[in-house]
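Turn these sequences into a full structure, and let the hints steer you where they fit.
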Amino acid sequence: MTSKRKAEIQRKLTLAAVPRPPEDLADRIKADIPKYLNIEAERARFSRSVGFNLRIAASIIVLLSSLAAVLFLIIPDDAPMTMTTLSAPRAKQSMPAPAVPKPAPVPTEEVHVDIVQQAAASNANEPVRLAEASTPASPRIARDERSRSRADDDGEVQGVAGGVEGGVVGGVAGGVAGGVISGVASERERVVVTAEAPAIDFAPQPPAEAPPAPAAMAPRPETSAARRSAATSGVSLTTEAYAADLPLRPESVFGITVDPEVFRRIKTTIESGHRPSPATVNVEALVNYFAGAPSRRAKRGVRLETEASPAPVGANGHRGILRFTIDTAMIAVPEHGTVPPIAKDARLEIDFNRDAVERFTPIGDSPTTPQESALLHNLSVTGLYALDLRMPLKASQRVATIRLHYRSIPDGKTHTITHDVRGSDLSKPWTSASRRHRLASLGALWGESLRNSSSGTDVAKRAEELASQAPNDERARELAEVAVASSGGSR
Amino acid sequence: MTTTPWSEEQRLLAAIRAGDNAAAEELVERTYSAVFASIYRLCGDSDLAADLTQETYQKAWGALSGFDGRSQLFTWLYRIAYTTFLNHIRRPRRMTSLDEPDSIDVADETPPADEVLVDQEEAEHLREAVMKLPEDLRFTVTAHFWGGLPVKEIARIEDITTVAIRKRLHKAFSLLESMLHEEAP
Chain V
1 MTSKRKAEIQ RKLTLAAVPR PPEDLADRIK ADIPKYLNIE AERARFSRSV
51 GFNLRIAASI IVLLSSLAAV LFLIIPDDAP MTMTTLSAPR AKQSMPAPAV
101 PKPAPVPTEE VHVDIVQQAA ASNANEPVRL AEASTPASPR IARDERSRSR
151 ADDDGEVQGV AGGVEGGVVG GVAGGVAGGV ISGVASERER VVVTAEAPAI
201 DFAPQPPAEA PPAPAAMAPR PETSAARRSA ATSGVSLTTE AYAADLPLRP
251 ESVFGITVDP EVFRRIKTTI ESGHRPSPAT VNVEALVNYF AGAPSRRAKR
301 GVRLETEASP APVGANGHRG ILRFTIDTAM IAVPEHGTVP PIAKDARLEI
351 DFNRDAVERF TPIGDSPTTP QESALLHNLS VTGLYALDLR MPLKASQRVA
401 TIRLHYRSIP DGKTHTITHD VRGSDLSKPW TSASRRHRLA SLGALWGESL
451 RNSSSGTDVA KRAEELASQA PNDERARELA EVAVASSGGS R
Chain H
1 MTTTPWSEEQ RLLAAIRAGD NAAAEELVER TYSAVFASIY RLCGDSDLAA
51 DLTQETYQKA WGALSGFDGR SQLFTWLYRI AYTTFLNHIR RPRRMTSLDE
101 PDSIDVADET PPADEVLVDQ EEAEHLREAV MKLPEDLRFT VTAHFWGGLP
151 VKEIARIEDI TTVAIRKRLH KAFSLLESML HEEAP
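As given, the protein sequences belong to chains V and H, one line each in that order.
Every letter in the first sequence is one number past the one before it in my numbering, and letter 228, counting from 1, is 228.
Every letter in the second sequence is one number past the one before it in my numbering, and letter 31, counting from 1, is 31.
A hint or two may mislead.
[Stated by the list, open to error] Simulated restraints, written as ranges between beta carbons of each label pair: (1) V:H274 x H:S178: 55 to 65 Å; (2) H:G66 x V:I75: 35 to 45 Å; (3) V:S427 x H:R11: 45 to 55 Å; (4) H:D159 x V:S432: 21 to 31 Å; (5) V:G337 x H:D20: 33 to 43 Å.
Don't read these hints as lab results, they were simulated from the structure.
From a predicted model like this one, the values you see are computed outputs, not experimental measurements.
Glycine is no exception: its CB is placed at the ideal position from the N, C-alpha and C atoms.
Here it is as structure tokens:
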């Protein structure tokens, strides 16, 4: 290495431009100071207090022990009779207390978002599935004028070279059994997902089979999550957005359904000893239920999270899962208040590299209706793609590029967040993926096992492993329970 | 980075430990820009850098009683900031572009404070390459160039000699050069 080259790298390292810190950052940091310093002082005071109390307790114990010893020495031989007499009222005292009614559970909702895929429609005959199983029902795919595709002789679909922005815009959506959308990557396949709010041309949803009424089948069990929610609902000012609370009431944002009620209905059905009808299983809603919200929502802006891993089950190394998650900043919303938008004109692009991806399969079955929407605060939405990879992949090889375009409402500027997924991301084992990724992908697999009426034993096993690794993770535990129950096992 | 004389640091620390909020605020004023800049160079996202900077100080207040004063205060803060960043990327991993000219994250809303001396794309490539270095080399490079810590200070907190730190830097440069060369079209 030449000294000139070394100096060049040093110069670049040193001179990287840095923006100014946000104006309110110092205040935010300072706002934490009193709290944390007081905690230190409080801790010291608490230690002193505990020490004092322990000394008092020790004194009382010594005193009582001495008293007991004295009594033992002076009590005559008929002591057992006395003890018997005394035991009766004690037993009476130990009668169970009258039952206190539990507080009614307050359901905690997460943001419900529908996902729309603006992709060229197709009707590939070969379903591509995350798991090796067939799935019924086919989705309705809306065609987008900007990206058309055609079915080739094999009944599969290839993107049509459109010459748009220098690349083939060939988002491929193949209507397949099980409502899985599939496609075969063209030179530079790009799926454009656009979020829109009003004037949505929703295709009518197929009538979903009504789940068994909880009251008729069995009383809905009070979950610990509901109990926790009930315990805190009167305290927090911040709520996750309810679909009904949204100012524009968009029924879909990116076309991905994230209705947590889907999972709750399925869970109720399973707990009542039945298997849910495949038609009621919305896989993308399950994905979003288990992906959930971030552990710590940002205070500002919009975040795009992307992650890829091998598929959670199955020995085929060429199968991968790509996840994207959009999280918007947190805002305090009074209960029953509306959630304000943080961005508008959102558009998501997923660009697959043909050299690395033989086939990509969006997991879910929402109709692909192009739309524009505002992204609300307190919002989280996750989408998954099943990938058939062209192995072997080089570590630095680009697999896909995910771009999120949006116009920020606070500053009025257009932003683009771009993430690349590379071969190295898919070389790591699934078990090393983030908790969110693992939960989302297992949720998808479990949903597919319900859809195709397979046992899902391997999914249940994975879910149990995940739950055992994180005993305090409510979602992991919940997934393990329902996966085991639906696979015919018991815990 | 603002250099605070040792005696001044000791005064601030003693006052903060005594519960003096004004001293804690003074410490924030003196250091937060440098901490933010260090984290920004690590993550390349100003919003995220701001959040992680805030988190760094939250941790720092809690860990202040454990600060033994062997290193400079900023060195200690940088270590916390670096760990906070690592914890962040180890949770949900984020991936950004290495080779696509149009895939640079341009989501920054805040205009740059300094003149942009290095092309954004090149800077992003370099940042990605640094992130791929082995952990010991990555910490050394980022602490020295992005945290502004002197070699002697890094050697102190790593508990190795300054010669070893220089060797690390040399090795890191070789790796960076090969990675950047590989990425070049």
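Consistency of beta-carbon spacing, H:R11 to V:S427, with hint 45 to 55 Å = With a Cβ separation near 52 Å, V:S427 and H:R11 satisfy 45 to 55 Å, so the hint holds.
query = Per the hint of 21 to 31 Å, is the separation of the Cβ atoms of H:D159 and V:S432 within bounds?
reply = Because 29 Å falls inside the window, the suggested range holds.
key: Beta-carbon spacing of V:H274 to H:S178 - inside the hinted bounds 55 to 65 Å or not   = holds, 60 Å
key: Hint check for H:D20 and V:G337 - Cβ pair distance inside 33 to 43 Å   = holds, 40 Å
task = Hint says 35 to 45 Å; check whether the CB-CB distance for H:G66 and V:I75 agrees.
result = Hint violated: Cβ distance 55 Å, outside 35 to 45 Å.
Of the numbered hints given earlier, the model fails hint 2 alone.
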